Amino acid sequence: MRRIDRDLGRFHDIVRGEVRKNLRRFVQQGDMTAREGSRTVKIPMPQIRLPRFTWGQGGGGGGGVGQGEGKPGDQAGQEPGEGEGEKALEVEVTLEELAEILGEELSLPRIQPRGRKNVTTDMLRYRSIRRTGPRSLRHFKRTFKQALRREILSGDYDAAHPIVVPRPEDERYRSFEVTPVPESSAAIVYMMDVSGSMGEEQKEIVRHTAFWLDTWIRSQYRNVVVRYLVHDATAREVDRDAFFHVKESGGTKISSAYQLCLDILEKDHPVDQWNVYAFHFSDGDNWSSGDTTECIELLTKRLLPAVNLFAYGQVKSAYGSGQFKGDLDQAFKGRDDVATTDIVGKDGILPAIRAFLGRGR
Amino acid sequence: MSTLPADLQALADRARDAATELGLDFPEVVFEMLDPDELNMVAAYGGYPVRYPHWRHGMAYRELQKSYEYGLSRIYELVINNDPCYAYLMRTNTRLEQKLVMAHVHGHADFFRNNLRFAPTDRRMIDTMANHATRVRRHIDRLGPERVEEFIDACLSIENLIDPMSLYVRRAGKPEPEPEMDEDRLAAGRVRKFPVPAPYMEPFVNPKAAMETERKQIAEEIRKSRKNLAEPTRDVLEFLLYNAPLQDWQADCLDIVRDEAYYFAPQAMTKIANEGWASFVHTRLMTTRLLDPSEIVEYADRHSGTVVSGPGRLNPYAIGLAIFRDIEDRWNRGAHGRAYRECTDDEARRRWNTGAGEGMRKCLEVRRSCDDLMLIDAYLTAELIDDLKLYTYGRDPGTGKLVILDRDPNSVRQKLLKMLVNGGQPVIELVDANHDNRGEMRLVHRHEQSGLDEGQARETLRSIHRIWTRPVHIDTVVESRIVRWSFDGKADATSDLGKAEPA
Chain G
1 MRRIDRDLGR
11 FHDIVRGEVR
21 KNLRRFVQQG
31 DMTAREGSRT
41 VKIPMPQIRL
51 PRFTWGQGGG
61 GGGGVGQGEG
71 KPGDQAGQEP
81 GEGEGEKALE
91 VEVTLEELAE
101 ILGEELSLPR
111 IQPRGRKNVT
121 TDMLRYRSIR
131 RTGPRSLRHF
141 KRTFKQALRR
151 EILSGDYDAA
161 HPIVVPRPED
171 ERYRSFEVTP
181 VPESSAAIVY
191 MMDVSGSMGE
201 EQKEIVRHTA
211 FWLDTWIRSQ
221 YRNVVVRYLV
231 HDATAREVDR
241 DAFFHVKESG
251 GTKISSAYQL
261 CLDILEKDHP
271 VDQWNVYAFH
281 FSDGDNWSSG
291 DTTECIELLT
301 KRLLPAVNLF
311 AYGQVKSAYG
321 SGQFKGDLDQ
331 AFKGRDDVAT
341 TDIVGKDGIL
351 PAIRAFLGRG
361 R
Chain F
1 MSTLPADLQA
11 LADRARDAAT
21 ELGLDFPEVV
31 FEMLDPDELN
41 MVAAYGGYPV
51 RYPHWRHGMA
61 YRELQKSYEY
71 GLSRIYELVI
81 NNDPCYAYLM
91 RTNTRLEQKL
101 VMAHVHGHAD
111 FFRNNLRFAP
121 TDRRMIDTMA
131 NHATRVRRHI
141 DRLGPERVEE
151 FIDACLSIEN
161 LIDPMSLYVR
171 RAGKPEPEPE
181 MDEDRLAAGR
191 VRKFPVPAPY
201 MEPFVNPKAA
211 METERKQIAE
221 EIRKSRKNLA
231 EPTRDVLEFL
241 LYNAPLQDWQ
251 ADCLDIVRDE
261 AYYFAPQAMT
271 KIANEGWASF
281 VHTRLMTTRL
291 LDPSEIVEYA
301 DRHSGTVVSG
311 PGRLNPYAIG
321 LAIFRDIEDR
331 WNRGAHGRAY
341 RECTDDEARR
351 RWNTGAGEGM
361 RKCLEVRRSC
371 DDLMLIDAYL
381 TAELIDDLKL
391 YTYGRDPGTG
401 KLVILDRDPN
411 SVRQKLLKML
421 VNGGQPVIEL
431 VDANHDNRGE
441 MRLVHRHEQS
451 GLDEGQARET
461 LRSIHRIWTR
471 PVHIDTVVES
481 RIVRWSFDGK
491 ADATSDLGKA
501 EPA
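In order, the protein sequence lines correspond to chains G and F. Residue 94 in the working numbering is what sits at position 94 of the first sequence, and the numbering runs on without skipping anything. Residue 61 in the working numbering is what sits at position 61 of the second sequence, and the numbering runs on without skipping anything.
Since the hints were derived computationally from the structure, they do not count as laboratory data. Relax, there's no trap hidden among the hints.
Quick list of the computed label-pair ranges, beta carbon to beta carbon:
| # | chain 1 | residue 1 | chain 2 | residue 2 | range |
| --- | --- | --- | --- | --- | --- |
| 1 | G | ARG49 | F | PRO27 | 31 to 41 angstroms |
| 2 | G | PRO109 | F | PRO232 | 57 to 67 angstroms |
| 3 | G | ILE48 | F | ASP127 | 27 to 37 angstroms |
| 4 | F | GLY400 | G | ILE48 | 22 to 32 angstroms |
| 5 | F | ARG438 | G | GLY358 | 41 to 51 angstroms |
| 6 | G | ARG49 | F | THR287 | 39 to 49 angstroms |
| 7 | G | LEU153 | F | THR3 | 50 to 60 angstroms |
| 8 | F | ALA356 | G | ARG49 | 48 to 58 angstroms |
| 9 | F | GLY305 | G | MET123 | 47 to 57 angstroms |
Pairs of lysine to any residue, SDA-like flavour, derived with a Cα cap of 20 angstroms:
| # | chain 1 | residue 1 | chain 2 | residue 2 |
| --- | --- | --- | --- | --- |
| 10 | F | LYS66 | G | ASP13 |
| 11 | F | LYS490 | F | GLU459 |
| 12 | F | LYS66 | G | ILE14 |
| 13 | F | LYS66 | F | GLY46 |
| 14 | G | LYS71 | F | ARG413 |
| 15 | G | LYS42 | F | GLU69 |
| 16 | G | LYS71 | F | ALA382 |
| 17 | F | LYS216 | F | ARG185 |
A quick note: this is a predicted structure, and the numbers were derived from the prediction, not measured. A virtual CB, placed ideally from N, CA and C, is assigned to each residue, including glycine.
Next comes chain G alone, as it looks inside the complex (with noise of 0.2 angstroms):
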């Protein structure tokens, strides 16, 4: 190891501890979406410096002196403070750091997946044997055995001055094989609420919960598959972008996003192959009491059987009436399959990440 490897490390070690000490403003503030596709998100930081006594606004006198052309009262040069000095650093941080960072700061329990399900991945294994392969990775033991047969076969080996010298045709080789194991995926459900009464803020709070969730869920599994859904009066399946943006309007009728939902589990994600996450956003108002009735019914009956944990939350809004939230509550008192929390702005969104994930389901 070099001597500025260490070093790196210790500045690596510092920036991460920025990033958990800032963890609650980032989650709040930092938009980190990270870009599709991409392993690693970009968190702007504070300069990490160190303080001491040095000129403030304008430097040495609020001016300089500068070289080259111009009258007085042209234009001198760039800003100094816009180029360099003011750079915010960015700091790249993986995901499973991320991730990481979040379960440790939020005491996260790791994820159980609910029994060993169905979906087989290949593994490549190293344990046969062949007589061609890499020198690295030669088996001394086999190639000596082998050595050993073939001079003994031969009439070669003298007990008396035990020499074994391997030849080519003796050389043994560890090699892969392919080996089948059951691998455990996701698949996340996210429902959201677009009617008229979710407006930017909410639908804000939903996308940065939405990503916290996504990360840490993502750092459980090896396989996870991420479908979206919105719904007013009736639901439908969107892409991610669509996920994040549409605005409708009109009324709520939830079950329609849960049956929706059903139907997508019960045709590409059947629970014996799937861990299903489902969370359902929405600022609580439904359309009748009737259909909250019917989500109940929906929930208890099919969905709840066929998913991990269902969670949801409640972004405040100033048109919800937030009944939904207390009638999920009546209904599914104590089974731990079902969370629901109240997201009261930005801050509450690491309690409610909390309170969704703290179960470890």
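Based on the hints, put chain F in the right spot on chain G.
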């Protein structure tokens, strides 16, 4: 040992011989060839391959690495003030670039040896730095990297609170010992306590009576060795080193930081002179001794790259080079002294030639005796300011934009001098180490029309408090009011001390 391939070693030897012929006097120059990544690494350590471990080196390395990757900057060469003088060459340089760099490096080596500012510097710094590294590493092994680094951070944050001039002058009257601060409190911090695994063992491992005896003894020692502040000092680091309640390892770290700060101080005082001289030397050596005709165009391109000055930026290479060339020209023509100064006929001044031929001798003398302040003050003439198109700029009160103010030689020179005073750092003095008779530390910022950055100043106060452990204050001026910023270990405070007298 040099790792140079034979052909480059031959070039280096030629450069050495040419520099000797020019009249330069330098220690042996050892060139090392490094890959870009290695060079970035050495540069991150300030030129020293063995430096004490600290995260800021890692940060510097990362920045250099990034900016090299993106092609924003690259280092051609790096040279350190040591005997022998070590210089690092970038492996990817072209042959001509290596030649240019070698000539330039000999200029620096000569400057380091001869310039009076460097006279008190440690010429075996490479070993000293390595020793520092060993000491710090030993503390880290014993105490863990976090504790040591956290303390070094505090020291580094005040590394500019030294008195660079103390290297050259003897300050009158060393402070008299005069016990007035609370030695008992200081001593309590220095009594060695052994760590105990459980509280009940405390009375057995660290018996009270023994602790008390030791504390009294230490308090007595402090009383004896006590240096109190007789007059304001700028060497805050030194004062802390002798008077703050430090444990041995802390004192050691502070000592190391202070040593290195003093070692680097002359370099901050001679940026223009040093780079100007090295550029003067490389142009002279290249154009008169080292260049092959086929290399002229590439040389001209590279050289102009080093002396280019962007709009609104000041290039120390360009200004220094112009000054040394002007000195050589004028002393060759005898164009100096009273008769020349008082001559008002521009044409006569231009044609002035007594055939004195003293140019090179004068240049050598200037490189020996001048730092940036003296160089600008004495040799940046009105004609040069005009030739170099220098101007002063400032903030337009109306628009808030930076605009050109004027091209008057006197104001340009004044402004430049102001920027160079104290290496461009605010002047801060320790005036009282027993403020309010409570052992509090009071610093004063010698305010000259421009204020301190408050956010950083407050953080710095915390650093000092970390070392001094008693409340710390600094008096400065904000919008023509004298203001005292304080930190007492818990909270920041601000008090208004009345109207400032106009500077």
